[in-house]
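Asks: Listed below are the residues making up each chain.
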Amino acid sequence: MPMGHTATVEAGSGGLTATEHRLANGLRVVLSEDHLTPVAAVCLWYDVGSRHEVKGLTGLAHLFEHLMFQGSAQVKGNGHFELVQGAGGSLNGTTSFERTNYFETMPTHQLELALWLEADRMGSLLAALDDESMENQRDVVKNERRQRYDNVPYGTAFEKLTALAYPEGHPYHHTPIGSMADLDAATLEDARAFFRTYYAPNNAVLSIVGDIDPEATLAWVEKYFGSIPGHDGKAAPRDGALPETIGEQLREVVEEEVPARALMAAYRLPEDGTRASDAADLALTVLGGGESSRLYNRLVRRDRTAVAAGFGLLRLAGAPSLGWLDVKTSGDVEVPVIEAAVDEELARFAEEGPTAEEMERAQAQLEREWLDRLGTVAGRADELCRYAVLFGDPQLALTAVQRVLDVTAEEVQEVAKARLRPDNRAVLVYEPIATDEETAQ
Amino acid sequence: MTEATVTMDFHPQPQAGEAKPWAFPAPERGALGNGLTLLRCHRPGQQVVAVEILLNAPLEAEPKGLDGVATIMARAFSEGTDKHSAEEFAAELERCGATLDSHADHPGVRLSLEVPVSRLPKALGLLADALRAPAFEDSEVERLVRNRLDEIPHETANPARRAAKELSKQLFPATSRMSRPRQGTEETVASIDSAAVRAFYEKHVRPATATAVVVGDLTGVDLDALLGDTLGAWTGSPADARPVPPVTADDAGRVVIVDRPGAVQTQLLIGRVGADRHDRVWPAQVLGTYCLGGTLTSRLDRVLREEKGYTYGVRAFGQVLRSAPDGTGVAMLAISGSVDTPNTGPALDDLWKVLRTLAAEGLTDAERDIAVQNLVGVAPLKYETAAAVAGTLADQVEQHLPDDFQATLYRQLAATGTVEATAAAVSAFPVDRLVTVLVGDAAQIEEPVKALGIGEVSVVPAE
Chain F
1 MPMGHTATVE
11 AGSGGLTATE
21 HRLANGLRVV
31 LSEDHLTPVA
41 AVCLWYDVGS
51 RHEVKGLTGL
61 AHLFEHLMFQ
71 GSAQVKGNGH
81 FELVQGAGGS
91 LNGTTSFERT
101 NYFETMPTHQ
111 LELALWLEAD
121 RMGSLLAALD
131 DESMENQRDV
141 VKNERRQRYD
151 NVPYGTAFEK
161 LTALAYPEGH
171 PYHHTPIGSM
181 ADLDAATLED
191 ARAFFRTYYA
201 PNNAVLSIVG
211 DIDPEATLAW
221 VEKYFGSIPG
231 HDGKAAPRDG
241 ALPETIGEQL
251 REVVEEEVPA
261 RALMAAYRLP
271 EDGTRASDAA
281 DLALTVLGGG
291 ESSRLYNRLV
301 RRDRTAVAAG
311 FGLLRLAGAP
321 SLGWLDVKTS
331 GDVEVPVIEA
341 AVDEELARFA
351 EEGPTAEEME
361 RAQAQLEREW
371 LDRLGTVAGR
381 ADELCRYAVL
391 FGDPQLALTA
401 VQRVLDVTAE
411 EVQEVAKARL
421 RPDNRAVLVY
431 EPIATDEETA
441 Q
Chain E
442 MTEATVTMDF
452 HPQPQAGEAK
462 PWAFPAPERG
472 ALGNGLTLLR
482 CHRPGQQVVA
492 VEILLNAPLE
502 AEPKGLDGVA
512 TIMARAFSEG
522 TDKHSAEEFA
532 AELERCGATL
542 DSHADHPGVR
552 LSLEVPVSRL
562 PKALGLLADA
572 LRAPAFEDSE
582 VERLVRNRLD
592 EIPHETANPA
602 RRAAKELSKQ
612 LFPATSRMSR
622 PRQGTEETVA
632 SIDSAAVRAF
642 YEKHVRPATA
652 TAVVVGDLTG
662 VDLDALLGDT
672 LGAWTGSPAD
682 ARPVPPVTAD
692 DAGRVVIVDR
702 PGAVQTQLLI
712 GRVGADRHDR
722 VWPAQVLGTY
732 CLGGTLTSRL
742 DRVLREEKGY
752 TYGVRAFGQV
762 LRSAPDGTGV
772 AMLAISGSVD
782 TPNTGPALDD
792 LWKVLRTLAA
802 EGLTDAERDI
812 AVQNLVGVAP
822 LKYETAAAVA
832 GTLADQVEQH
842 LPDDFQATLY
852 RQLAATGTVE
862 ATAAAVSAFP
872 VDRLVTVLVG
882 DAAQIEEPVK
892 ALGIGEVSVV
902 PAE
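Just so you know, the protein sequences line up as chains F and E, in that order. Residues 1 to 441 (the working numbering) make up the first sequence, in order. Residues 442 to 904 (the working numbering) make up the second sequence, in order.
Keep in mind the hints are simulated off the structure, nothing from the lab. Incorrect hints may appear among the rest.
Using 30 Å as the maximum straight-line C-alpha spacing, the simulated BS3-like pairs for lysine-lysine come out as follows [claimed, not checked]: (1) E:K644 - E:K505; (2) E:K823 - F:K76; (3) E:K749 - F:K76; (4) E:K524 - E:K749; (5) F:K76 - F:K234; (6) E:K794 - F:K76; (7) F:K55 - F:K234; (8) F:K55 - F:K223; (9) E:K524 - E:K563; (10) E:K563 - F:K76; (11) E:K563 - E:K794; (12) E:K891 - E:K823; (13) F:K55 - E:K891; (14) E:K644 - E:K563; (15) E:K461 - F:K223; (16) F:K223 - F:K234; (17) E:K610 - E:K823; (18) E:K644 - E:K610.
Given the sequences, and given the hints that come with them, work out the whole structure.
Replies: Here it is, written out as structure tokens:
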């Protein structure tokens, strides 16, 4: 089963290693030993996300993720949760544009249970999936949507900005939560078809990290997953490729009952996995990460026009990534004042590039974020899956921090110049309205 | 159903292997020459070191009319020192790859530093400067005050934050600091200036009443020398004893609706005060509360989420508000979550049924066993990072508990039976002594909630 990579420490990996294996049915397996704490993380990434959904069925990948916790051939009802928690483990699943992940962190001596559970639902979910679970989880997910998006101020900003940044019909035009109408319309047969299409061992990567015996672990993986048949029924997602820049400024003004004006924007940036995307991450960190960034210093400290200002990066591999600007105004400050300052700072940064000290700070921040992520067995398991699924090589997870440290100031300036421009962004402006005005509508 | 055609080989559910021993880490306790209490704990492999600083500057020490001054002081620590301006200080910290968070709560002010061990010396130097010689410049404090004032409307608009504010107001007498927002109101925050911040600092911040907790992989780090050069250089007057005021609360059963017209969900926060960690009932209360609402297979979510679909999740929890050395402290015991607007009445009805059934029939042994196995079993993963260990050690100090409290708690949980857990859960959540705050659309939920008979219903505006 070994595929060539052995547990040799690579430069810049902080001493971490991982080995790769593949079962005959196509399931890829990544193992990484770490005996400091008696725990083991199991992480399973299925190569399916909201980008695989089609019009009229938005939210299906996420709704389906919920159904994966409703039992399978040998696991009754909520048994997956009950058994893992009763074994002293913790677990969950999440859905994004590009993947669905499931994870259990277990005390070492309960690792086998987690593998048995994951295999049971990978191979036999449809034996248990019924109308009752479907109707119940549909309501739960609709309440998740209300709680996280519809019932909080600015809650639908992400959805609105994504819809602006990726054109109609693009696989990333809609977000994983989906629309209420589509959640209502999804049928049990849609869910079954989704499982048959995407849930197969050859469309998944399993990583196991922590206090493990690699040989025994691989034997368990073979025992529980080995007989699940692979299949090639999956269609590739629609192509997410887009031109490097938008070519115009897209804009939407939202008049809603929010506590303050806000300026949000999404800039089209290089795809994840490229050196240019690491350069973009550094550019956004210098400009808007933390309390010594250029935008924070300008808007919050000096001009005092904003209560909060920052940049984030939504890393995407199958479509351009998004640089995410979020500024909430202070007092009665108007949006154009903020926008002019942001444009000025971005233009200046494109002109000058980062200073040596700014590079040092941004790299130190990103390095610590990587140490945090790789510092837990669950975090490491997730990153190994990410690099295996999206970039075909889990080893890249262990050297990611070194690649960020290798980026030069010139590369950071270059990406800022090319991408952080007003004609390469979608802008969302919030203008508050009073409660009584809203009820009068 | 033809769907059940399954082609894989099935195996019986595997049995657990042999558990490996794990214990909550024991810190080493000491003190610096300036009186600063020090707890240290070596955690192999944890390259990001966590440092927690506790200052004995509780909210009730804030001068009358200046609620929020402890918060502004906490924030101002990272806004410049005798060596660096505010911008420089933030830049130097980030150059270390460090994060420094600070906040003020009822027991005192906490600063939390996280930094890769390679840059610990420099970051500790910055932290020590902040504590020893904060600049508290007029213009920086003025900016923090304005910033804080800008935050308040955002909190008011957030259903969960709004509910928490209302519950505190309902539970505690107006004279108690606990009845008022931790970070102050528009009125009180607007009165804060740099002189007020400095006065609060001079009165309540000194090494003799402070504690530092340092956790991480300390291999090759001469921590004594390092601390001597940094936090050891901080000077101040000796400690003065500060009594912890008693807490009283009115938990007469009633319902308060905070009106949010058009809300698609109702935010629930149902609470009262009860025993803190000093009370012998604590382990049983932790266990019983978990069985009631610790996870999605607990009693509340089994009905409200997994049977009815009214919610994404409802949780029951106990959160210590303030502890005293003599055991007179209290915890907030509460149930929180959000349910869709049309089902608010039915969801509350079911919630009360769950509580009544618990009181009438008690927990089962199976529920108790699963809860113990989870609460005790997750400890090694919960405490994998240095920050998690440092946080719990700091909580113990803040709550006047022995350093081995958490380690002992795990043994006590394992020894707690079903009957004790039931009794603790029932007395923690008695159906007639719960204050229910609902942030939602009063026009739609008031009548259905009144019909439940769970207490007198009143409606207050959101702002």
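Asks: Each hint should be assessed against the structure and marked as holding or not.
Replies: Hints versus structure:
1. A distance of roughly 15 Å separates the Cα atoms of K644 (chain E) and K505 (chain E); the hinted pair therefore holds under the 30 Å criterion.
2. Using a Cα cut-off of 30 Å, the hinted pair K823 (chain E) and K76 (chain F) holds, with the two alpha carbons roughly 27 Å apart.
3. Of the supplied pair hints, the one linking K749 (chain E) and K76 (chain F) holds, its CA atoms being roughly 18 Å apart against a limit of 30 Å.
4. At most 30 Å may separate the alpha-carbon atoms for a hinted pair to count; K524 (chain E) and K749 (chain E) exceed this at roughly 60 Å.
5. Proposed proximity of K76 (chain F) and K234 (chain F) is supported: the alpha carbons are some 28 Å apart, at most 30 Å.
6. For the hint linking K794 (chain E) to K76 (chain F), the alpha-carbon distance of about 25 Å falls within 30 Å, and the restraint holds.
7. Pair hint K55 (chain F) plus K234 (chain F) holds up; C-alpha atoms about 17 Å apart against a cutoff of 30 Å.
8. About 39 Å separates the Cα atoms of K55 (chain F) and K223 (chain F), which puts this hinted pair outside 30 Å; it is violated.
9. Taking the CA atoms of K524 (chain E) and K563 (chain E), the gap is near 13 Å; set against the 30 Å cutoff, the hint holds.
10. For a cut-off of 30 Å, the pair hint linking K563 (chain E) to K76 (chain F) is broken: about 54 Å separates their Cα positions.
11. Pair hint K563 (chain E) plus K794 (chain E) does not hold up; C-alpha atoms about 57 Å apart against a cutoff of 30 Å.
12. Taken as a hint, the K891 (chain E) and K823 (chain E) pair is broken in the structure, with Cα atoms around 42 Å apart against an allowance of 30 Å.
13. Between K55 (chain F) and K891 (chain E) the CA atoms are separated by roughly 43 Å; this puts the pair beyond 30 Å, and the hint is violated.
14. For the given pair, K644 (chain E) sits about 28 Å from K563 (chain E) by alpha-carbon distance, which is consistent with the 30 Å threshold.
15. Among the hinted pairs, K461 (chain E) with K223 (chain F) is consistent with the structure: their alpha-carbon atoms are about 24 Å apart, no more than 30 Å.
16. Restraint check for K223 (chain F) and K234 (chain F): satisfied, since their Cα atoms lie roughly 25 Å apart, inside the 30 Å limit.
17. For the given pair, K610 (chain E) sits about 33 Å from K823 (chain E) by alpha-carbon distance, which is inconsistent with the 30 Å threshold.
18. For the hint pairing K644 (chain E) with K610 (chain E), the CA-to-CA distance comes to about 28 Å; that is within 30 Å, so the pair holds.
In this structure, the hints that do not hold are numbers 4, 8, 10, 11, 12, 13 and 17, in rising order.
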